[in-house]
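Student: Residue-level listing of the chains:
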Amino acid sequence: AQSVSQHNHHVILSEAASLELGCNYSYGGTVNLFWYVQYPGQHLQLLLKYFSGDPLVKGIKGFEAEFIKSKFSFNLRKPSVQWSDTAEYFCAVNPSGTYKYIFGTGTRLKVLA
Amino acid sequence: GAGVSQTPSNKVTEKGKYVELRCDPISGHTALYWYRQSLGQGPEFLIYFQGTGAADDSGLPNDRFFAVRPEGSVSTLKIQRTERGDSAVYLCASSLTRGDSGNTIYFGEGSWLTVV
Numbered sequence: 001a002q003s004v005s006q007h008n009h010h011v012i013l014s015e016a017a018s019l020e021l022g023c024n025y026s027y028g029g030t031v032n033l034f035w036y037v038q039y040p041g042q043h044l045q046l047l048l049k050y051f052s053g054d055p056l057v058k059g060i061k062g063f064e065a066e067f068i069k070s071k072f073s074f075n076l077r078k079p080s081v082q083w084s085d086t087a088e089y090f091c092a093v094n095p096s097g098t099y100k101y102i103f104g105t106g107t108r109l110k111v112l113a
Numbered sequence: 001g002a003g004v005s006q007t008p009s010n011k012v013t014e015k016g017k018y019v020e021l022r023c024d025p026i027s028g029h030t031a032l033y034w035y036r037q038s039l040g041q042g043p044e045f046l047i048y049f050q051g052t053g054a055a056d057d058s059g060l061p062n063d064r065f066f067a068v069r070p071e072g073s074v075s076t077l078k079i080q081r082t083e084r085g086d087s088a089v090y091l092c093a094s095s096l097t098r099g100d101s102g103n104t105i106y107f108g109e110g111s112w113l114t115v116v
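As you go down the protein sequences, you meet chains B and X in turn. Numbering-wise, my numbering puts 72 at position 72 of the first sequence, and it's gapless, one number per residue. Numbering-wise, my numbering puts 59 at position 59 of the second sequence, and it's gapless, one number per residue.
If you're looking for bench data, these hints aren't it; they were derived computationally from the structure. Positions of the beta carbon are idealized from the N, C-alpha and C atoms, including for glycine. Among the hints, a few may not be true.
To be verified - Simulated coverage check for chain X against chain B, where a stretch passes if three residues somewhere in it have a Cβ under 8 Å from a Cβ of chain B:
{"#": "1", "segment": "36-49"}
{"#": "2", "segment": "104-116"}
Unchecked claim - Quick list of the computed label-pair ranges, beta carbon to beta carbon:
{"#": "3", "chain 1": "B", "residue 1": "52", "chain 2": "X", "residue 2": "9", "range": "15 to 21 Å"}
{"#": "4", "chain 1": "X", "residue 1": "38", "chain 2": "B", "residue 2": "41", "range": "30 to 36 Å"}
{"#": "5", "chain 1": "B", "residue 1": "41", "chain 2": "X", "residue 2": "68", "range": "27 to 33 Å"}
{"#": "6", "chain 1": "X", "residue 1": "114", "chain 2": "B", "residue 2": "110", "range": "21 to 27 Å"}
{"#": "7", "chain 1": "X", "residue 1": "10", "chain 2": "B", "residue 2": "105", "range": "35 to 41 Å"}
{"#": "8", "chain 1": "B", "residue 1": "42", "chain 2": "X", "residue 2": "84", "range": "33 to 39 Å"}
{"#": "9", "chain 1": "X", "residue 1": "81", "chain 2": "B", "residue 2": "53", "range": "47 to 53 Å"}
{"#": "10", "chain 1": "X", "residue 1": "15", "chain 2": "B", "residue 2": "62", "range": "30 to 36 Å"}
Said to hold, decoys possible - The following residues of chain X were derived to be distant from chain B, with all beta-carbon distances above 12 Å:
{"#": "11", "residue": "11"}
{"#": "12", "residue": "12"}
{"#": "13", "residue": "13"}
{"#": "14", "residue": "16"}
{"#": "15", "residue": "18"}
{"#": "16", "residue": "22"}
{"#": "17", "residue": "27"}
{"#": "18", "residue": "52"}
{"#": "19", "residue": "59"}
{"#": "20", "residue": "65"}
{"#": "21", "residue": "66"}
{"#": "22", "residue": "74"}
{"#": "23", "residue": "76"}
{"#": "24", "residue": "93"}
Isolated chain B (complex conformation) (with noise of 0.2 Å):
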């Protein structure tokens, strides 16, 4: 079955560390890649997104994430992390031709002041 694992389940940063959160999934075929993220009290908004071409793709507020074919890996990085980071963070793995978003369980990021 297709699934999305992301390890870190939990992490805790001082403002102005960076940033890698894990994510791989488990599927053979072309893939269209997501982060989500959800702030506080608000609704998934889309981080970036990954369907094509450079694998090294740049989303809002600095964020990137890099799409390594051959490890089945799309990890989010950020070099330095602001108090207004914290929040869940959540890959999303949608199979090309298809309409199913497949998520992973999520990170929980809480940057220290």
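Following the hints, complete the assembly by docking chain X onto the known chain B.
Tutor: Relative to the frame of chain B, chain X by itself:
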């Protein structure tokens, strides 16, 4: 509206009761999804509509769950004989065109259902 709108935002119901959750997608979006998010989990697919028809309802957990979208816009998720295990956040999402074309899906704020 500007975003996906869901009502009610919170619903507490007694075990065995019937519940309806409503979703108003972004104007012009033809694809509509329902997801369910339990505590500590990511959203899980329930059903997908393209227009008025349910193109895929394979995620509905059992026959107590049903969803409609009669005019291709607003959708209602219906849960009969609710059970405590149905407690979760029910998320609605929509996208501009066919869901398999790689379009971004936009989520509503969800309906928090608590069955006591």
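Student: Next step is simple, just say for each hint if it's right about the structure.
Tutor: Against the structure, the hints come out as follows:
{"no.": "1", "hint": "36-49", "in the structure": "holds (count 7)"}
{"no.": "2", "hint": "104-116", "in the structure": "holds (count 7)"}
{"no.": "3", "hint": "B:52 - X:9: 15 to 21 Å", "in the structure": "violated, 37 Å"}
{"no.": "4", "hint": "X:38 - B:41: 30 to 36 Å", "in the structure": "violated, 18 Å"}
{"no.": "5", "hint": "B:41 - X:68: 27 to 33 Å", "in the structure": "holds, 30 Å"}
{"no.": "6", "hint": "X:114 - B:110: 21 to 27 Å", "in the structure": "holds, 26 Å"}
{"no.": "7", "hint": "X:10 - B:105: 35 to 41 Å", "in the structure": "violated, 23 Å"}
{"no.": "8", "hint": "B:42 - X:84: 33 to 39 Å", "in the structure": "violated, 27 Å"}
{"no.": "9", "hint": "X:81 - B:53: 47 to 53 Å", "in the structure": "holds, 49 Å"}
{"no.": "10", "hint": "X:15 - B:62: 30 to 36 Å", "in the structure": "violated, 46 Å"}
{"no.": "11", "hint": "11", "in the structure": "holds, 17 Å"}
{"no.": "12", "hint": "12", "in the structure": "holds, 19 Å"}
{"no.": "13", "hint": "13", "in the structure": "holds, 22 Å"}
{"no.": "14", "hint": "16", "in the structure": "holds, 30 Å"}
{"no.": "15", "hint": "18", "in the structure": "holds, 26 Å"}
{"no.": "16", "hint": "22", "in the structure": "holds, 16 Å"}
{"no.": "17", "hint": "27", "in the structure": "holds, 17 Å"}
{"no.": "18", "hint": "52", "in the structure": "holds, 16 Å"}
{"no.": "19", "hint": "59", "in the structure": "violated, 8 Å"}
{"no.": "20", "hint": "65", "in the structure": "holds, 17 Å"}
{"no.": "21", "hint": "66", "in the structure": "holds, 19 Å"}
{"no.": "22", "hint": "74", "in the structure": "holds, 18 Å"}
{"no.": "23", "hint": "76", "in the structure": "holds, 19 Å"}
{"no.": "24", "hint": "93", "in the structure": "violated, 8 Å"}
Violated hints, in rising order: 3, 4, 7, 8, 10, 19, 24; the structure is consistent with all others.
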